[in-house]
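S.K.: Sequence:
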Amino acid sequence: SGVPFFQAGDSFELYGRLGMSLSSRDVINVSASAAQYTKNKRFDPFTGAFRVDDQRSAGNVYRLNLSWQRAMDFGSVGLAGEYLRRDRNGFDQASDRFLPARQRFLFGPTASVILSPKTQLDLRAQYMRLDEDRFPVTGLQRSFNGFIVTGTVNVIF
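The sequence shown begins at -1 in my numbering and counts up one residue at a time.
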């Protein structure tokens, strides 16, 4: 019908990054971010207006990244780690829309290979630990261990 029925709530985000050279070949980077979300709005057909949801559907997110890189003849190698925390959303724990808080840790080696002046291959292999607070429907507090392996090709046209 072309009539909007949903409006996302506002988000407020803060991001900072600091890099420091330890030597002519070694660099350390630290970055941190925080995102806070407000309640969404839904169209109420009975009043013809948007109504603010009773609860936040998204949990606030906090992230901290730390990496070390060493320049090599072919590109660079290094180590990278990340901590991420997402707060629970605002819904009652009995609601099927409830999402518990979770935290994730990543750590592992990285490499960048310069294939040509306009092409770079980035590789990353990281151990992952994910912990999720107790989910009331199941009564379980869940934890997962795994590995994330990624490869990215960057091409300048």
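Calculated directly from the structure, the hints in this document are not laboratory data. Check each hint, because a few of them may be wrong.
Per label pair, the in silico range of CB-to-CB distance [said to hold, decoys possible]: (1) Asn143 - Thr117: 52 to 58 Å; (2) Gly73 - Pro43: 56 to 62 Å; (3) Gly73 - Glu11: 39 to 45 Å; (4) Arg61 - Arg132: 21 to 27 Å; (5) Ile146 - Ala47: 42 to 48 Å; (6) Ala6 - Val75: 39 to 45 Å; (7) Ala32 - Tyr125: 21 to 27 Å; (8) Val111 - Phe155: 16 to 22 Å; (9) Ser141 - Leu121: 25 to 31 Å.
Each residue gets a CB set at the ideal place from its N, CA and C atoms; glycine is no exception.
S.K.: None of the hints should be skipped; say for each whether it holds.
M.R.: Hints, one by one, checked against the model:
no.: 1; hint: Asn143 - Thr117: 52 to 58 Å; result: violated, 34 Å
no.: 2; hint: Gly73 - Pro43: 56 to 62 Å; result: holds, 57 Å
no.: 3; hint: Gly73 - Glu11: 39 to 45 Å; result: violated, 31 Å
no.: 4; hint: Arg61 - Arg132: 21 to 27 Å; result: holds, 23 Å
no.: 5; hint: Ile146 - Ala47: 42 to 48 Å; result: holds, 44 Å
no.: 6; hint: Ala6 - Val75: 39 to 45 Å; result: holds, 40 Å
no.: 7; hint: Ala32 - Tyr125: 21 to 27 Å; result: holds, 25 Å
no.: 8; hint: Val111 - Phe155: 16 to 22 Å; result: holds, 19 Å
no.: 9; hint: Ser141 - Leu121: 25 to 31 Å; result: holds, 27 Å
Hint compliance for this structure: hints 1 and 3 are broken, all remaining hints hold.
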